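A.B. asks: So the protein lines, in turn, are chains P and E. Mapping to the numbering used here: the first sequence position 52 is 52, numbers consecutive. Mapping to the numbering used here: the second sequence position 6 is 6, numbers consecutive.
FYI, nobody ran anything at the bench for these hints, they're computed from the structure. Among the hints, a few may not be true.
What the hints assert, rightly or not - Capping the alpha-carbon separation at 27 angstroms, the derived lysine-lysine pairs in BS3-like fashion look like this:
no., chain 1, residue 1, chain 2, residue 2
1, P, Lys82, E, Lys245
2, E, Lys278, E, Lys245
3, P, Lys306, P, Lys369
4, E, Lys278, P, Lys82
5, P, Lys341, P, Lys306
6, E, Lys454, E, Lys245
7, P, Lys136, E, Lys278
Given the structure is predicted, the values throughout are model-derived calculations rather than measurements.
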Amino acid sequence: MKTPLVRATPFHARAAAANLENAWVLRNGVTLASFYSDANSEALAARLRVAMADISWRRRIMLEGARAVEFLSKLVTRDAAKLSPGTSFKALWLSDGGGVRGADAIARYGRESFLLVVSAPDLDWIESSAAAYDVKLRDMNDEGGIAIVGPYAHATVEAAQLTADLEPLAFRKLSWRGIDVTLSRFGEHGGYEIWCAPDDGTVVWDRIARAGESFGLEPAGVDAMDVLDLEAGIARPGLDYEPARDGHASEPSPVALGLESLIDPDHQSFNGRTAYLAAREREPMRLAGIEIHSDIPAPFTPLLLKGRAVGHTLCSMWSPSLRRAIALAQIDVSAFAPGTKLTLTLPPSRAVRELRTAEARVVALPFLKVPDSIAP
Amino acid sequence: MSGDAIVVGAGVNGLVAATYLARAGRKVLVLEAKDRLGGACQTTWFASSFRGPAIAHALTALDPRVVAELKLARRGLKFAVRDMPLVALRADGKHLTNGRDLRATARNIAVHSRADAETWPRFRRELFELARRMRPLWWSDGKSEIPSEIARLRRLSLAAWLDSRFESDAVKAALAGDAASLSPLAPGSSLLLLWRAAQEMCGLQGAAAIPLGGPGALVDALTAAAKIAGVEFRSGAHVSDIRVKDGAASGVVLDSGDEIPANVVLASFSRAGLLATKAGRTALGFSESVALERGVSPAASAKVMLALNAPPAFNGVAVPLRGRFLLADRLETFVAAHAASRAGRVPQELVLEVVVPTAGDPELAPLGQHVVSIRIGPLPRHVAGGWDAAKTPLAAKAVAALDRCASGLARHVVAAQVLTPDDIAARYGAEDSCAVTVERLLSDWSSRIRTPIKGLFLCSAASEPVDAVSGRAGRIAATLALREGAAK
């Protein structure tokens with residue numbers, strides 16, 4: 001079969017119909033709506049009401065084999081043996097030198113099978129390492145995934161007649177009025193994800209759209225979801241930082257990316273642990289939030305404290321909830337305290353060509369907490 | 001029985017490491033899997049009344065600091081031959097003797113090429129000078145600056161380097177003989193020649209020497225030094241795994257199931273050998289493990305010892321019997337031999353390195369009789385049909401090749417001992433080696449010796465830039481272990 005020019009997700013037909021501006025973006029080789037009508041209103045919908053977003057771009061790999069537990073305990077920074085079937089955790093995987101290669105959910109399907117959700121492609125590394133443990137990899141990328149986020153996410157899922165009594169990080173295979181789906185709560189935004197076979201994409205989309213109608217559900221594009229991720233203070237591989245790809249890389253360090261909470265200090269056997277522990281004390285950078293006193297986002301820009309460079313921003317966007325530009329930033333520990341006043345140079349634009357400096361303030365992460373679920 | 005330091009493997013490096021640790025006040029226990037100490041560095045009896053070098057038949061790289069610091073001369077280490085010239089034996093009888101006397105060597109080369117005779121003194125001076133500048137990297141631990149010339153040499157194969165300087169096959173082949181563990185076409189093979197030139201024996205740069213009593217005498221001296229320092233030994237103790245607690249070595253497990261606690265373990269494992277243990281699989285990173293599994297396996301070698309009832313006499317030009325003899329007419333012989341052994345075949349033309357231990361040490365054989373030690377390599381580690389079947393033809397082929405340069409030699413053979421790569425692995429456990437690469441040649445010692453497990457250090461020949469009997473890996477591993485212990 002010839003590879004199609006557009007690699008669409010199972011929801012593409014519905015997404016195309018909803019995409020009023022014909023605005024598309026490529027992520028992990030998959031075509032997705034960058035926004036449907038307006039990214040800001042979509043982000044607000046996810047914050048105040050409920051939104052659904054196509055997350056089929058996340059690579060899903062099933063790891064299977066008698067030694068899968070042993071392999072995963074070596075691969076990721078938490079102990080897979082402690083995971084019971086039907087639950088998941090978030091963890092990192094590191095290079096030999098302690099550099100972060102990826103950070104995502106690992107879900108236990110059975111005694112010898114695990115699902116790995118990968119935001120940035122790293123299949124070669126996982127495959128070559130798994131070979132030594134006779135662990136087989138099965139690509140699950142044909143499946144579609146829809147995230148339902150917002151205070152009414154729970155209500156929407158219930159209204160769609162899906163059993164929604166799932167704990168965060170749990171997942172369950174369900175038969176949903178004639179189609180097989182997996183309902184999960186892997187996401188960071190307190191919502192649900194529904195994973196389905198490619199052919200069931202339109203049915204799933206329609207059912208959720210109808211169930212969410214009375215709660216003001218809107219489809220949210222990639223841009224809106226990126227705003228949510230930023231507001232949640234999560235540094236993402238491939239978007240905020242370049243993940244380590246050399247097998248011995250020591251950069252980026254988990255400490256400098258604020259990802260240490262994903263490392264179980266009692267887990268002894270994971271790859272790169274020795275190097276991570278050795279580099280931990282020396283690492284001067286920390287992850288913090290930055291509020292920019294301007295409407296213009298300033299991604300990947302140096303941050304100055306009294307003229308001295310103390311760090312730089314990562315991803316930066318305008319937050320419709322906070323009504324200002326915000327950014328994740330890596331800042332030296334000396335200037336890391338919330339409230340520290342920094343300056344940065346705003347990027348020139350079509351309207352303003354001269355370089356202007358703006359004030360920025362260090363804030364604690366996350367910018368915004370996950371909104372509480374509201375019962376209808 | 002417990003010790004606060006355990007050394008696994010009583011090869012030269014293990015003995016050296018144990019002695020340094022014991023002299024620094026550590027309680028040291030050496031565990032050797034075999035019954036005899038010394039690993040590949042032994043003098044063995046064969047044919048009832050002859051003795052000869054088990055594997056290594058000439059020392060080229062023994063660290064002079066080890067000799068001095070462990071006072072090996074006082075422990076009985078004497079040398080029978082201190083500076084063996086390299087003799088490239090040629091079928092036409094125009095043998096090329098490459099000795100310390102530059103002018104004599106140049107005269108020898110002039111037979112083959114006048115231009116090469118003129119180039120020789122200059123080339124050797126440059127080689128030795130550059131080699132001396134590599135000693136900080138190859139002799140000591142710590143950051144050292146790599147001379148800028150290396151950037152060019154590391155990409156240059158030995159064949160290309162020699163082709164650019166010399167025209168005669170004889171000279172190129174003689175030089176390639178000192179860098180034979182890699183194909184002359186392989187990247188890094190130039191560095192191998194440089195590494196060889198950086199070594200020192202008996203105070204002479206680039207020399208090869210034989211201890212009085214054979215290589216076993218070195219082990220005897222080292223064992224004596226170790227015992228005086230208070231090292232304890234246990235032989236027949238095969239270590240099957242390393243115990244690790246909280247990321248640090250806490251002891252070793254023997255085949256018998258016994259566990260011996262220790263907070264420092266110095267193991268004569270290569271990194272691939274470490275990966276074969278449970279502790280190693282857990283501790284070594286994925287990148288390193290995958291690289292080790294996919295790594296090229298090094299070429300093997302075989303060993304033949306002949307007992308002669310008369311001194312070997314070489315046809316043609318007179319050559320000193322105390323030399324190291326090389327049987328390879330051309331550089332291409334090495335290339336073809338490496339290619340064949342990579343393909344799992346015995347090379348058509350064998351590359352032989354021959355030493356006559358009795359030339360400098362007549363006591364190794366009954367009066368008037370001689371021992372000839374032949375190293376055959378490169379050879380494939382495994383051959384179709386197995387080495388047992390290929391053993392006799394291999395020895396016959398080697399003797400026939402030698403007989404062409406020393407006619408009558410075959411008639412004087414009264415006994416022979418042949419060790420195939422299989423025999424060497426079974427008897428001396430010398431299988432645990434690792435291929436020479438540019439990375440290995442130019443990496444620093446601590447990256448080869450340290451492991452992700454705290455308190456576990458590797459000190460086998462595979463931790464050296466090039467597999468050799470030098471004791472350096474042992475000395476540096478002991479230094480690193482003591483430094484880590486002091487920092488605790």
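A.B. asks: So, for every hint listed, does it hold in this structure?
C.D. replies: Checked hints:
Proximity of Lys82/P to Lys245/E is assessed by CA-CA distance (about 20 angstroms); at most 27 angstroms being required, the pair is judged to hold. Taken as a hint, the Lys278/E and Lys245/E pair is honoured in the structure, with Cα atoms around 13 angstroms apart against an allowance of 27 angstroms. Restraint check for Lys306/P and Lys369/P: not satisfied, since their Cα atoms lie roughly 31 angstroms apart, outside the 27 angstroms limit. Restraint check for Lys278/E and Lys82/P: the C-alpha separation of about 21 angstroms stays at or below 27 angstroms, so the hint holds.
Using a Cα cut-off of 27 angstroms, the hinted pair Lys341/P and Lys306/P holds, with the two alpha carbons roughly 9 angstroms apart. The straight-line distance between the Cα atoms of Lys454/E and Lys245/E is roughly 10 angstroms, inside the 27 angstroms bound, and the hint therefore holds. With a C-alpha separation of about 21 angstroms, the suggested pair Lys136/P and Lys278/E falls inside the 27 angstroms cut-off, and the hint holds.
The structure fails to meet hint 3 from the earlier list, while all remaining hints are met.
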